[in-house]
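Protein chains in written order, with this note's numbering: chain A, 1383 to 1890; chain B, 537 to 624.
Please keep in mind that the hints were generated in silico from the structure rather than gathered at the bench. None of the hints are false.
Derived lysine to any residue pairs resembling SDA-like cross-links, with alpha carbons at most 25 Å apart:
#1 K592/B with D1603/A
#2 K542/B with D610/B
#3 K538/B with R1580/A
#4 K587/B with R1556/A
#5 K612/B with Y1655/A
If the Cβ cut is set under 7 Å, some of the chain B residues that face chain A in the computed set are:
#6 L564
#7 S566
#8 G569
Predicted model only: the values in this text are computed from it and were never measured. Here a beta-carbon is modelled for each residue, glycine too, at the ideal position from N, C-alpha and C.
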Amino acid sequence: MRPEELPYNERLFERFEENWDRWPEASSLRKYLKNPEWVMIHKLPGSYAEFKKTKALKCAKKAFGVVSAEKLRKEMTAVMKILTKCKMNRAPEKFSYAQSMYGLCYPLESDNYIFGFIILCGMKKSMSSDLVRMFVAVISSVIRESRKELELEDLNKTIRPRAIALSTVHTVHRLMTSTLDLNELLPRIARLSLQIIRANRCSIKLVDKKRKILLPKATIDLRKSKEKTKMKKVQIGKYAPGRAVKRETPICGDNYLASPMIDKEVVGVITLYDKLDGSSFTPFDQEIMKTLSEQAAIAIKNAQLFREQEDLTLSSIKCIAQLLQHRSHATHKAEASFLKLISVIGRKVDMNESEIKVLQYAAMLHDAGQISIPERVLEKKGELTGSEFDIVKTHPLKGAAILSKFKPLKPIVPIILYHHENFDGTGYPRGLKGNDIPVAARILAVVGAFEAMIIEKPYRKALLIKSAINEIRRKAGSQFDPDIVGIFCEAVDRKDVCKLLNKELGGR
Amino acid sequence: MKEKLKRILENKIALDVLKFFHQNQSSLDSVGGVSAWVHGDRKEVRLVLEKLVKVKVLERDSTGGMEGYCYTRDEKTMKIVDALISDV
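I would like the entire structure built from these sequences, with the hints used as guidance.
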């Protein structure tokens, strides 16, 4: 048995013995009393046979010198009676033996419980009352200190793992809430759950309210075996995940733990299987998973809300874009190709997903300002007059002004505003040059021009894709950023982009 | 890996950090959190954590400027760490 597993009073006795040996006041007292023998016993011996086994007898023998066994037994039985009296009275008891030897017995008490005795023997004179009081005071302070140490150890044993777990849960929470993308969030929750519970498999299922089933959304299987977990739908109420959702409480078996994710209502369930060391899931695992599942439920709901809001924004953008197409009589057939081109170019220039999304929104609405341009100017066949071109040049400003009113579209405003700026500074509305033009606007300038060239309009024929690319190449360095043109040419040459363009434009 | 790890563990903070993760294998904590558990300076603890990630004793989960460190799941590595920690 390890010391920390012993009953409290035995641990206290052991700690008292250790502390007594190194206590400075105890050492001074020992010197003052001319080094008597100290005997500490956990329990009073019940018989002389037991007493013989203690250090006290050795001490007595030393005092008696040569003595018959009978005499020793007689004297020691008298001492044992004193010890019993000491236990009864819970007070120090002096005793004498071997004619001129003196001793003292004192019960070690904590919370009205005697956890041991300290016996002093081999003294040549009896201790004075003052000395006994001092002795008792020193013992009491050692007991107090020993108790404090044990309490601190016990607290450390129970509170430290909880504090570490709390800190872990806090870190997990921060890692979870740092994304609003559900596709990124769910595998992350699974991975974090596996790490902190040290399990081999994790599956996350979300509730489909209409169909009353659980849909598998993320599974991580870290087993070395080839047999991998299949993503299965589960009916609410069936199997561990289904039961956990139905009962709204964790369900734990030998090798699984299903913890429902609840935030007012059940969002889904995290199920863990097979602990890394082969042990069973513990109540502590359940406690941790309960907290983690609650946080996961909030993070999932936030991500779902964010996705709904994004869908709403996208629908609004699509709606505005369609209205614009009607106005310009454009037969817009290559939306998917342009969005794909933008995402390929955006990634090449190290844009993140949200920056690419913003650029795609801008691409759908880049000519929103044309709504304020008279139709006769927009649809004029042949060259525009100076004043007509001045009107056309206002469309980025007007588009930016209109779109800035719609809060979710604020990030696209600068892209719309500067997408007709030329790399050499000859563009409009501000005449910005080179890298002063935002990179997103430089990309949109290239893709927007490409789109304008290959889409047919009632007043102008469409160019072939090859001719449009050549035209863009020709204007690299003047109208367009040459680096972006280079990336564009690579992107438009990609198989997936070509395939999409051919599909949407009918192989031009 | 063992030799590299031995060299890293010549640093007391590194030893304390590794002991912390070996004894608390479910822990996943930030630089600030680990610094508090081992009573170490944040900068030094960050350096140590990165060194331990490099030798694959720890794993780093980072996202949006937030970093969490956790212990390896590899049994062989755990055995090596166990032996090294008991030797020191």
